[in-house]
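Novice: Protein chains in written order, with the numbering used here: chain A, -2 to 477; chain B, -2 to 477; chain C, -2 to 477.
There may be inaccurate statements among the hints.
[What the hints assert, rightly or not] Using C-beta positions, here's what the derived DEER-type ranges look like:
#1 468(A) to 28(C): 51 to 59 Å
#2 143(B) to 449(A): 22 to 30 Å
#3 260(C) to 209(A): 31 to 39 Å
#4 265(B) to 205(A): 53 to 61 Å
#5 265(B) to 337(A): 26 to 34 Å
#6 25(A) to 73(B): 31 to 39 Å
#7 344(C) to 337(A): 26 to 34 Å
#8 260(C) to 73(B): 52 to 60 Å
#9 298(B) to 351(A): 55 to 63 Å
#10 337(A) to 73(B): 22 to 30 Å
#11 323(A) to 449(C): 37 to 45 Å
#12 261(A) to 73(B): 26 to 34 Å
#13 73(B) to 15(C): 43 to 51 Å
[What the hints assert, rightly or not] Covered by chain B, according to a simulated footprint, are these stretches of chain A (three or more residues, beta-carbon under 8 Å):
#14 332 to 338
#15 346 to 354
It should be emphasised that the hints constitute simulated quantities derived from the structure, not laboratory data.
From the three backbone atoms N, C-alpha and C, an ideal C-beta is built for every residue, glycine too.
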Amino acid sequence: MSKPWTLDPDRLFDPNPARRSVARSLYTEVEDLPIVGPHGHVPPALLADPEATLGTPAELFIIPDHYVFRMLYSQGVPMEDIGVPTVDDTPIEKDHRRAWQRFCENFHLLRATPTGLWLSDELVNVFGVTERLTGENAQGIYDYLQERLASPEYAPRALFETFGVEVLCTTDAATDTLEHHATLRVEGWGGRVRPTFRPDAVIDLSTAGWRHNIDLLSQASGTDVIHYRSFLEALQERRSFFKEMGAVATDHSATTPHTERLSETEAQGIFARALSGESSGEDAARFTANMLVEMAGMSVEDGLVMQLHAGSLRNHNAVVHRRFGLDSGADIPIAADWTRGLRAILDERGNDPRFRLVVFGLDEAAYSRELAPLAGHYPALLLGAPWWFFDSPLGMRRYLDAVIETAGLYNTAGFNDDTRAFASIPSRHDVWRRITCDWLAGMVVTGVVDGEEAGDMAREFAYGLAKRAYGFQREPVGRA
Amino acid sequence: MSKPWTLDPDRLFDPNPARRSVARSLYTEVEDLPIVGPHGHVPPALLADPEATLGTPAELFIIPDHYVFRMLYSQGVPMEDIGVPTVDDTPIEKDHRRAWQRFCENFHLLRATPTGLWLSDELVNVFGVTERLTGENAQGIYDYLQERLASPEYAPRALFETFGVEVLCTTDAATDTLEHHATLRVEGWGGRVRPTFRPDAVIDLSTAGWRHNIDLLSQASGTDVIHYRSFLEALQERRSFFKEMGAVATDHSATTPHTERLSETEAQGIFARALSGESSGEDAARFTANMLVEMAGMSVEDGLVMQLHAGSLRNHNAVVHRRFGLDSGADIPIAADWTRGLRAILDERGNDPRFRLVVFGLDEAAYSRELAPLAGHYPALLLGAPWWFFDSPLGMRRYLDAVIETAGLYNTAGFNDDTRAFASIPSRHDVWRRITCDWLAGMVVTGVVDGEEAGDMAREFAYGLAKRAYGFQREPVGRA
Amino acid sequence: MSKPWTLDPDRLFDPNPARRSVARSLYTEVEDLPIVGPHGHVPPALLADPEATLGTPAELFIIPDHYVFRMLYSQGVPMEDIGVPTVDDTPIEKDHRRAWQRFCENFHLLRATPTGLWLSDELVNVFGVTERLTGENAQGIYDYLQERLASPEYAPRALFETFGVEVLCTTDAATDTLEHHATLRVEGWGGRVRPTFRPDAVIDLSTAGWRHNIDLLSQASGTDVIHYRSFLEALQERRSFFKEMGAVATDHSATTPHTERLSETEAQGIFARALSGESSGEDAARFTANMLVEMAGMSVEDGLVMQLHAGSLRNHNAVVHRRFGLDSGADIPIAADWTRGLRAILDERGNDPRFRLVVFGLDEAAYSRELAPLAGHYPALLLGAPWWFFDSPLGMRRYLDAVIETAGLYNTAGFNDDTRAFASIPSRHDVWRRITCDWLAGMVVTGVVDGEEAGDMAREFAYGLAKRAYGFQREPVGRA
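Just need the whole structure built from these sequences, with the hints factored in.
Specialist: Printed below as a string of structure tokens:
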């Protein structure tokens, strides 16, 4: 049997005693602040249905988590063998115990990765596991987890309370009926679980099934989408519905951050071509660029905060995409030109006090070169938390190092967990809180800020920035 | 009342005791070395007129400093409200006390920024302010600063002595008459305050007012600029005049570092189109690229060191540009291709011992990838100090980490403050001296260099490199 | 006389006592592990001929080392003066004592560079030099080194044993007869010194002398290369020969990582144009892109690991290239797009368990943005060690920081020394071992991995990863 598995209470704090002491002290003040989750992918059904559970250990930790299965796949473990569902009818492992076994045998692959860190924290601190996962103890731990997962204190709503979540936003298609959010509102959870308007599947003309999505949009909006203008009207109607249902934000994904204002005639022409199945790849790119500018205009009107996630080349691996569909671990970042890309949208709306745009990128070289200087100038622009691969201890440090000197703290938008893995939410926020406190401690011991300033800033990082960025609360938080 | 505002004497030194001790010891040897400022934007009138003052606190700390007002603007403070002058007749706050009030109320926005650090050092160590700025103490501190600024020891020339400035170079249009420099020379300050030849406004065909600038050039040079050849002659004449007036260098700004040798016919064709108002944006870009190569040729002849600042997309915010003109805080960096960009100029002059080119970039990804390898090979090329947003504690660390291993110390050009804010000069040099000493201390405690080598290198960083790069003194300084 | 020259036994370890203690302990376990060198440029003749020597001190330390002579050149020392051979008959310094003198006088230029570190380690720990090189002691040290180099224990084969090299791979043209490797095999060194198949000179149509190289290829392969198909056959034959001679890998160099599948007709057309001297630069680029995909297919068949080094713009300095030929210190990196570039090759072979591709880049911005995400997904892809300018203490730290969190340890390929400088091999591996141990120590003291995990990972970095990546041994090494 292995030695007991515990986590260092001072983990992620620099080992210099002076810095560590300050970091610990800052962390003590923020570790128990409520969790604000303005962006993520938790299925609302998980919280809407009081009977919902987190499923089997494999369903909880492996199958929906592309961070986990990509790493196993990269080392030769077929995704079918760990139960990842296929879209082409290839048979997969249905026995979750066997999937779990393969996972545990390969747990060492996650050493020094953020996924390894989150899983360790969840297993040890949420579920009380006492041995690091191995091939030997896999089945015993499966039994243990099964039992825990069946108990009422591990029901999603119970964990929501245990985790201290103040507000959690989901991400929902523009055509979604939001029935789970409706249920949640009826049951008094409306302010705590909020939808987010994500219209990619109707805006990106190259989406598989786009034409069908437009039909869904017509249905959902009650507006017959027959041309560009009715398309915009349908979107406005849907935004309005989302807002009624508690949404505070929209979210947009794009391969590049390119924005461009098309003339009404051009936009209408492209949209018409798309409706008749004749639009090109370039049409799609320009239409998306134009729609980002349109969406900014709508945000000015309805006050929904606009989020833009840009820089991932989706579905890089054609073989895996055909077999496993979207979000299969093969979305790979590319270089981004935010400076030229955002010019059109900022030219129209960047100085408007009614507009707020939060941007997320995957090209770290653009942090200090483009994103921080832009956020440090435009009133409408905030820089979102380090995203995806960079939501990691070292990724966060690089973000803070590259961004804060130029953008300042107050032009950033705090943290979001951006996860489907509900049980990992506290672990992810905890990493952010530890890293920001340690970073601030570094500023204190080098005389850049004093302890009082650092305390304020730590509370902002952990809580205040996200609340104000998304308008959950407009007042400053924790400022002396 | 707040607790007394003091700065940590060990600020910016790593908290590891062994490293800090070495850093402190290195710093002790360089902190009082004279200041060499080979590039900056201090108005020469400030020093030419013995009666000149630094103005009101708002004029000193806010109004001319785009680092400051961009940060306030980004958080919703209208630039008009803090007295930034408009070019479109929009009325602005004329009461400097009110502007100061707004600034002090927002001083926390500068936390952990280099601007915050410089201002703190100036306020505390140059002006003796004893409380951190807040909305409450704003007016009292204004009174205090007013009084100080009126006293003779805060006159620019007095501060020049107090600061220990050995030489300060200004930046002057090619068409400038340099009358302030003439005054300074008459009064024996010629060797201490030197002009720099900056011909951007006549070289960049897309400059607003370019045609008028060409007329000014004709007047200033006594050469009727009617075609490309007379344009070159006029520039040569002006360079010669600048050199007589004490200039040691030229300075060039370009959106990208692209250089290209046009044929005489092409260059003449573009210039003719420009004179008749028919040149295109591409004409302008190619003409600049060609003129950089031409300027290198002239530098070979007259010995003026050539400086190139490349990588900023100027005037990104059209609204702000229309209202506030140039240098309004919305110049945003873009990615740069130095490797291909500099090929033409280095192909012609990079191996020439009579030529020296000092380059400054805003794309940190190019430090280790392009700039350090180029500087570590071409005899003519030196890499300038971290520029603009990167003239910051962490920016400097990244620069040193990325550059020195590949370029070596001796292919860098030391530091320059690049500032309009005269009173911030010592603070800026002090940050550089602290950071380089601390970085060298890191090298010492990890056994990469020994203490004696580090001492030599610290003196080079602080003083020797800049002196030799610009030929203020050709001999090595501080080498054992 | 200077104080004795010694190297800190704890060099490159962080000064934090807790971290240093862990680093030292990890290092103790790996410092004496055998050296595995899967990629490098040591001439096989050096080991094939038992009478071979390392030459004069100048031949050993200066003349073949472009890291050294580029730095001297950048500071104005003519390469002719330090004995670097010319290809245009320009006379050079033939007196190696004088070349050595110039080198020693300029030894300070290498301060804080990896070259300085390797040379120091070699001089002190391999050769027993006791004074840092200066102009004054240059001749005395030359005498001393001459004597050492003449003694049997400094013969290359003796040093091979002393260094503890388990396997060393050379890099050999596709047309090479491998006679030195044949000798080595006869003498029982075949498993220890292995050739690597490098076909750049016949694949890159823009290579000087390409047409002649094709004739050599016909001769060497016994296949008359008259069209694209016979070209592929000849390459297959040569790969097969290399494999018989002990090769485990191929190596490919390209300016960019662009891969592309041409139709047979297109490829045949370009090849025909090349044979008749009519191919263009674009032809060459597309042909290389296509051949990388072809080579991947051959690797699937014959099991040779494929290495790709991309991102260097060769021969940037035309003057130096004309005088000194290839590899003269003026190869400068450029930005790389690996995400789009590798799509074609990975689309065909990235999921194939029989294929292994190890990639090396010079654009550090692509580490975390592209290379780590790709390696963390594709089973066939491993990320090679930091290359060239980045084979340095700080370059390695940036690599580890940027890569491991996303790619994981096990999708990297360990270390290779990539050097012509045989005597520097242990120094280079030692830097890698120190830096990886120190990096892991950082992970231990911040609670990210525990001591046992770190010990396993340290052995992987030093030894196991390289062995498995290249199939020297397929079993996991050092895993608990």
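Novice: Please write out, lowest number first, the hints stated earlier that are contradicted by the structure.
Specialist: Checked against the structure, no hint fails, so every one of them is satisfied.
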